[in-house]
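My request is simple: use the sequences and hints to build the entire structure.
Quick note, the sequences are listed as chains S and X, same order.
First residue of the first sequence: 12, per this note's numbering; consecutive thereafter.
First residue of the second sequence: 12, per this note's numbering; consecutive thereafter.
Treat the hints with care, as some may be off.
[To be verified] Straight-line distance between alpha carbons at most 20 Å, and here's what the computed SDA-like set of lysine to any residue pairs gives:
(1) 600/S x 627/S
(2) 479/X x 332/S
(3) 325/X x 448/S
(4) 195/S x 63/S
(5) 325/S x 486/X
(6) 359/X x 347/X
(7) 600/X x 309/S
In short, the hints are calculated from the structure, not lab data.
Protein chains: 2
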Amino acid sequence: MRWHPFVVMLLGLGGAAMTARSDEGMWLLNDPPRQHLKDKYQFELTDAWLRNAMLASVRLNSGGSGGFVSPEGLLVTNHHVAADSIQKLSKPGEDLLRDGFCARTRDQELKCPDLEINVLQEILDVTKEVNAAVRPGMSPAEAFAARRAVMSTIEQKSLKATGLRSDVVTLYNGGAYHLYRYKKYTDVRLVFAPERAIASFGGDVDNFEYPRMNLDVAFLRAYEHGQPAKTPHYFRWSETGPAEGELVFVTGHPGTTQRLETLARLKHRRDYTLPYTLARIRTLEAALHQYSQQSPENARQAATDLHSVANARKAFSGQLQGLLDPQILEQKRQQEEEFRKRVVEYAKATGSPPPDFEGTFGRIEKIQHLLREFEKPYYLFETGHAFFSPLFNIARHCVRMADELPKKSAERLREYRDSHLDSLKFQLYSPAPLFPELERAKLTASLTFLAEMLGGEHPLVQKVLAGKNPAARAQELVSGTKLFDPAERRRLVEGGKDAINASRDPMIRLAQAIDAEARQLRSRYENDVEEPERQAYATLAEWRFQVYGQSVAPDATFTLRLAFGTVRGYEVDGTKLPFHTTFADAFEKSAKLNGQEPFALPRRWLEGQSQLDLKTPFNFVSTADTIGGNSGSPVLNRAGELVGVNFDRNRHGLVRNFVYTDVQARHIAVHSQAVLEALRKLYPEAAALFAELTRK
Amino acid sequence: MRWHPFVVMLLGLGGAAMTARSDEGMWLLNDPPRQHLKDKYQFELTDAWLRNAMLASVRLNSGGSGGFVSPEGLLVTNHHVAADSIQKLSKPGEDLLRDGFCARTRDQELKCPDLEINVLQEILDVTKEVNAAVRPGMSPAEAFAARRAVMSTIEQKSLKATGLRSDVVTLYNGGAYHLYRYKKYTDVRLVFAPERAIASFGGDVDNFEYPRMNLDVAFLRAYEHGQPAKTPHYFRWSETGPAEGELVFVTGHPGTTQRLETLARLKHRRDYTLPYTLARIRTLEAALHQYSQQSPENARQAATDLHSVANARKAFSGQLQGLLDPQILEQKRQQEEEFRKRVVEYAKATGSPPPDFEGTFGRIEKIQHLLREFEKPYYLFETGHAFFSPLFNIARHCVRMADELPKKSAERLREYRDSHLDSLKFQLYSPAPLFPELERAKLTASLTFLAEMLGGEHPLVQKVLAGKNPAARAQELVSGTKLFDPAERRRLVEGGKDAINASRDPMIRLAQAIDAEARQLRSRYENDVEEPERQAYATLAEWRFQVYGQSVAPDATFTLRLAFGTVRGYEVDGTKLPFHTTFADAFEKSAKLNGQEPFALPRRWLEGQSQLDLKTPFNFVSTADTIGGNSGSPVLNRAGELVGVNFDRNRHGLVRNFVYTDVQARHIAVHSQAVLEALRKLYPEAAALFAELTRK
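If you want it as structure tokens, here you go:
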């Protein structure tokens with residue numbers, strides 16, 4: 012952490028409003044809190060430690076984190092992160108998600124149909140280059156286009172030069188731009204997954220709760236050229252795990268936080284975005300729930316979708332409770348006030364002109380008023396919330412690629428830039444099965460939600476429904492489309508505009524019919540919201556550097572971060588919760604709840620109970636700063652060994668989107684001992700895996 | 012049915028747009044479709060038949076229908092209608108809803124804590140009297156007050172004169188007013204309930220579906236003066252049930268339909284009311300679902316709430332699909348156009364002044380624009396959607412009774428009129444248990460929904476939340492209130508205004524804090540919506556009588572109606588569905604779905620399978636016109652014998668709120684044979700019940 016002279020002065024005066032002494036922060040790996048770790052924990056964060064952590068940490072494109080745990084490409088993540096792949100690997104009549112999977116030998120490892128993993132190799136600061144492209148006097152639309160173009164060019168150059176996946180990442184909501192270079196693997200195979208009943212023991216009921224007893228791990232292996240990848244940077248699997256009070260680190264890819272957003276933006280979230288989001292998610296959840304109940308096969312098909320919406324409902328509900336908590340809003344208000352005061356003081360101290368609060372805070376507030384007017388249609392049509400089915404996403408990509416690919420890379424919509432095309436096509440041509448009845452149920456729900464949001468008279472609603480009610484329209488779209496077949500997708504993409512125009516596929520026709528309006532909403536969002544907000548936040552970031560130095564980590568961006576904290580229990584309503592649970596707790600809880608769903612233990616566990624050391628630590632908590640996207644993150648000790656696999660936060664941690672707190676908020680991880688004990692005693696077929704993990 | 016000369020002329024010209032030849036109609040018992048039944052079915056509806064049907068039909072205040080089936084007060088209804096009582100009768104550690112109940116002897120029959128049943132004795136037309144109270148030139152507010160006062164006076168006089176519960180019912184949305192006199196019973200006891208697994212086999216999954224195999228019946232007994240009530244008018248239980256193609260009747264209390272509403276009103280429902288309603292219901296469903304999953308005891312506590320919201324979600328979803336179906340809207344539009352044409356023709360033919368469409372259709376349309384502005388706050392605060400807990404309802408009644416009871420009966424809010432007070436207090440002082448954690452979960456969900464709907468800055472939201480977030484506020488309200496105790500409720504009601512003002516009960520304080528605003532919203536609704544709509548609909552009703560005679564039944568009003576139809580299967584996607592299912596179908600379906608919830612059969616059924624005649628008809632369908640509230644309705648044959656107990660509609664019937672259709676729409680009933688066969692073979696402890704049903 013670099014300390015700016017001005018903030019050191021303030022700290023010296025005892026005036027630090029920031030939580031510089033707490034365990035807050037999802038830190039950039041090129042700007043880690045070295046001094047803080049030294050001061051508070053007497054820990055010397057070495058370059059070697061950091062480099063190993065970076066090269067052994069993994070991002071999964073299904074939306075989670077993981078880490079290499081052997082030099083032969085073996086990696087651990089959460090069962091719930093790998094679930095999407097595990098589900099897609101189940102053949103008709105089998106249910107690997109429910110029953111688990113184990114490859115006894117490498118040739119039994121199963122190739123995931125569309126899983127890509129990324130391993131960060133290098134970070135370069137390109138802020139100056141990006142900002143230089145935006146010249147004074149440019150309109151927001153021009154500025155947005157210029158920025159998009161320069162980012163695409165930087166990425167493309169980097170890809171050419173290094174062969175590495177290259178992404179420019181926007182940090183501090185526009186305060187900085189860094190180029191991230193990743194090694195990527197698209198041949199990733201399933202090695203081991205436990206039964207879902209133990210991986211997510213307690214299911215959605217216990218999601219975001221603690222005490223927990225989940226074996227939420229799965230093992231995958233990265234391959235290159237048909238061989239296990241060489242991964243000399245990996246985390247050694249600790250046989251002891253963490254002790255109470257121990258310093259631990261979490262490396263992973265936190266998705267998004269909103270800690271640096273202004274109060275006006277947070278209120279907009281509270282009153283507009285979150286209510287809309289929750290209404291949408293509850294609609295999908297009810298539909299998926301109803302679909303699942305109809306038969307075990309339906310339940311199998313809908314499992315990952317249902318888990319993800321139930322999870323999202325809880326997470327967003329927690330966020331909303333946070334923003335509806337007057338104390339939290341007051342805390343944000345005070346922070347903002349304090350920040351403004353500091354900025355004024357700094358300007359005075361340095362003889363700079365007085366800060367333009369109207370052009371920053373005021374501007375962001377005005378943007379929220381604009382956003383209200385079109386946020387719902389923007390999400391419904393451009394983000395695609397009205398069409399909750401991969402079939403629509405596929406159709407849209409086919410339609411848009413026909414329009415975008417003929418353009419120069421720098422001028423395309425960002426997701427179609429050259430440097431990203433391979434990853435996109437890898438997804439698009441995925442042979443993973445889609446289930447017509449499930450897609451019909453999802454589309455019916457989301458088309459109905461569209462009509463609920465905008466009303467039956469809205470011209471775009473009428474265009475989408477095409478003279479039918481949502482249920483009949485969904486039926487028509489799903490039964491008429493050929494996009495279930497990856498070959499048809501490829502044919503359309505390769506056939507370009509002619510193929511699209513000639514297609515009578517109803518899903519393609521739908522995507523095309525609304526494309527002009529969707530693009531218009533996107534431009535409006537980019538020009539009226541994204542770009543002006545970015546400019547305002549860039550100024551705020553500048554001021555923040557001036558008055559607080561870099562003692563504030565940027566908001567999460569689903570890029571690699573380093574968090575740290577202490578392994579420590581907490582208290583709820585007078586009850587002390589221990590820093591870890593044990594195997595015994597799982598058996599007790601299951602017995603207490605009559606072993607009923609979702610507290611049924613797998614037969615293997617019930618029958619093997621007597622062989623287990625029931626005192627084995629199962630899950631543990633620490634104060635480290637995590638958020639969604641950190642699922643599957645390695646938890647490391649000072650020696651850089653893997654002592655746990657993060658898989659959840661408790662409900663007290665749900666407000667961490669907006670504020671860090673460590674009074675009760677904790678992340679929850681699977682204890683490294685639990686994995687070894689379970690593998691050794693209950694999964695004899697995983698002997699090779701066990702040996703690979705424990706090999707010295 | 013009385014035919015108006017003008018409509019006979021039109022029919023003679025082949026110009027009938029109405030469905031006069033179909034089985035549409037929930038008919039008033041004082042205006043039944045005699046001629047139609049004679050013409051179409053050669054059935055002579057005698058006064059004696061009608062009178063017996065009226066005096067043997069029962070309304071339950073929990074929101075359903077039933078019928079006497081013995082001269083000793085025995086009545087049948089649906090298990091799901093009696094569920095509320097069954098649940099309340101379960102003592103800690105038992106679950107009568109799940110496990111069923113049987114009183115072997117009368118002294119084992121269990122008194123329901125707060126069930127009131129009503130039996131209609133007489134109907135009087137008081138339209139003239141009610142309308143005479145509203146004088147020309149009155150403002151809507153004055154008109155509303157005058158109408159409320161005269162209705163209250165009529166009821167009070169009737170109660171005094173007859174001792175019967177007396178309700179003035181508004182028909183045709185204000186086209187007519189009838190006085191309904193009921194005999195009421197407040198000592199109603201549970202005689203028999205089967206296990207929930209067979210009563211609602213298929214649970215929410217199969218709700219609104221067919222084929223069905225549900226033993227959705229429960230038997231209660233009305234008592235008077237501690238003795239079984241004498242009920243000489245009852246339905247004989249048919250041992251054969253209905254044949255295919257047979258004419259059947261349904262007597263019962265359909266809740267609400269919107270068939271006579273104007274197109275503008277229906278569009279308002281589609282675009283405002285239903286989306287709001289569905290968002291609310293999904294919120295509650297998600298919260299109740301989460302609560303239920305936490306333990307078997309939680310599931311037991313939340314069972315009836317969860318069933319009712321899941322049921323409502325499906326019903327309202329079906330309504331919304333109906334209103335989003337352009338064909339249905341077009342049908343309504345054509346009906347309205349046709350109606351207008353007829354009215355113009357009638358005016359010309361009779362030399363009347365041209366009809367004032369602007370003051371009727373146009374006025375109703377304008378009212379919808381007004382309604383949009385305050386419909387959500389009206390529902391949230393006055394209907395009480397923001398406070399989804401009986402604890403709030405209790406608090407509100409306590410607070411309002413302190414204000415209302417000192418006034419003259421005719422000037423009070425309608426629910427506090429003298430003639431209604433006994434029924435209200437019977438509910439209010441119910442000793443049925445309430446569960447703090449369940450109420451907390453429900454309040455958290457509904458307070459959150461309030462904030463989502465109106466935003467965190469809304470002054471009333473801030474008043475309600477009182478400086479806390481919804482979860483913390485719900486906790487504070489539930490842990491602080493003493494209203495769990497019926498004695499405390501009585502103390503507050505009897506203590507009047509002083510007791511209320513002195514109370515520090517947080518729920519009382521909340522109800523009082525928002526009462527002025529809630530009343531204001533109510534007045535606004537009454538004066539800006541209810542009264543002007545009533546006046547406009549009264550004119551429409553007059554016109555309708557003029558041009559169609561009384562060939563159109565009024566919309567449902569949860570009062571006794573007579574429907575009729577044909578027992579007949581139907582076709583879906585080329586598959587013919589039979590007019591009845593059998594016991595064998597239940598065993599087959601359960602086996603096919605591995606006997607998993609909600610398709611698990613009770614042990615008694617699995618073990619007794621071999622004793623059953625598996626060909627026994629289980630459920631059947633007919634075209635008769637039903638809607639929610641008809642649950643538990645007796646289904647009768649020409650002889651007036653009970654051949655079935657209605658319990659559901661299929662999903663094709665969900666649009667019947669707006670239009671009648673018999674192509675696929677059916678109501679579903681338990682076959683009378685199924686009940687006898689099950690009782691005889693599987694429930695030996697119900698021998699006395701069986702004997703009572705089959706006694707000649």
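Cross-check of the supplied hints:
1. Distance restraint check for residue 600/S and residue 627/S: the Cα-Cα separation of roughly 16 Å lies within the 20 Å cut-off, and the hinted pair is therefore satisfied.
2. A hinted pair counts as satisfied when its Cα atoms are at most 20 Å apart, and residue 479/X with residue 332/S qualifies at roughly 10 Å.
3. Between the alpha carbons of residue 325/X and residue 448/S the distance comes to roughly 18 Å, so the proposed pair stays at or under 20 Å and holds.
4. Between residue 195/S and residue 63/S the alpha-carbon distance is near 17 Å, which keeps this suggested pair within the 20 Å criterion.
5. For the suggested pair residue 325/S and residue 486/X, the alpha carbons sit about 18 Å apart, so the restraint of at most 20 Å is met.
6. This hinted pair checks out: residue 359/X and residue 347/X have alpha carbons roughly 18 Å apart, not beyond 20 Å.
7. Distance hint between residue 600/X and residue 309/S is fulfilled; the C-alpha atoms sit about 16 Å from each other, no more than 20 Å.
When each numbered hint is compared with the structure, no violation occurs for any of them.
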